[in-house]
Amino acid sequence: MTRFTVLVAAPRSGSSVRTAALRAATEVAVRAGVTTTPDVIDLADLGSDLLDDSSAAVSEALETVRSGDVLLVASPQVHGTYTGLLKVFLDRLPELGLGHTVAIPLAVVEDLRNSHGIEEDLRVLLADLGAWVAEPGLILSSDETGEPEGVVRAWADVAAPGLRQAVSVAA
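Using our numbering, read the sequence shown as starting at 10 and increasing by one per residue.
Just so you know, the hints here were simulated from the structure itself, not pulled from any lab data. Ideal Cβ positions, reconstructed from N, Cα and C, are used throughout, including at glycine. Check each hint, because a few of them may be wrong.
Now the in silico label distances, taken between C-beta atoms and shown as ranges [claimed, not checked]: (1) Leu60 to Asp166: 38 to 46 Å; (2) Asp54 to Ser76: 18 to 26 Å; (3) Glu104 to Asp58: 19 to 27 Å; (4) Leu105 to Asp48: 15 to 23 Å; (5) Leu121 to Ala66: 20 to 28 Å; (6) Gly108 to Thr44: 32 to 40 Å.
Working from the sequences, and respecting the hints, build out all of it.
Quick look at the structure:
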């Protein structure tokens with residue numbers, strides 16, 4: 010059974026980034042043959058506990074991320090890259106802490122013309138932690154997050170074959 014986790018790094022809990030990430034996870038999972046319901050970690054819910062080394066909630070979230078087979082990481086673009094919430098959280102993973110994970114980057118940007126930096130940054134961050142990063146990642150404009158279905162379906166059609174193959178190799 011494939012363990013799938015969605016990690017949302019938006020500054021507000023229950024954001025449109027979360028909605029889009031869950032939609033993307035559903036679409037790509039169906040096409041890749043992943044039948045499990047994903048665990049969802051919304052970093053905004055952890056708040057200041059992210060800075061507390063003794064936080065049970067953060068430890069549990071880290072263990073969920075580390076033990077997953079597929080990790081969809083969703084972040085809005087802030088100052089040209091991913092959020093500080095994501096950086097603070099992932100800095101708590103050990104070196105190669107995602108070594109057995111297939112990671113899918115999802116970036117939400119204001120202007121698609123300035124989107125390549127964040128997707129590249131997410132890809133490098135996840136690869137540095139040992140993850141195999143799926144191609145292609147998903148980039149959405151903030152205008153698309155409310156109703157991402159069309160873009161997400163088109164992306165999932167392209168991304169699912171590689172994800173299916175990566176998951177079967179990892180299993």
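Now for the hints, and whether the structure bears them out:
no.: 1; hint: Leu60 to Asp166: 38 to 46 Å; in the structure: 40 Å, holds
no.: 2; hint: Asp54 to Ser76: 18 to 26 Å; in the structure: 19 Å, holds
no.: 3; hint: Glu104 to Asp58: 19 to 27 Å; in the structure: 23 Å, holds
no.: 4; hint: Leu105 to Asp48: 15 to 23 Å; in the structure: 21 Å, holds
no.: 5; hint: Leu121 to Ala66: 20 to 28 Å; in the structure: 35 Å, violated
no.: 6; hint: Gly108 to Thr44: 32 to 40 Å; in the structure: 24 Å, violated
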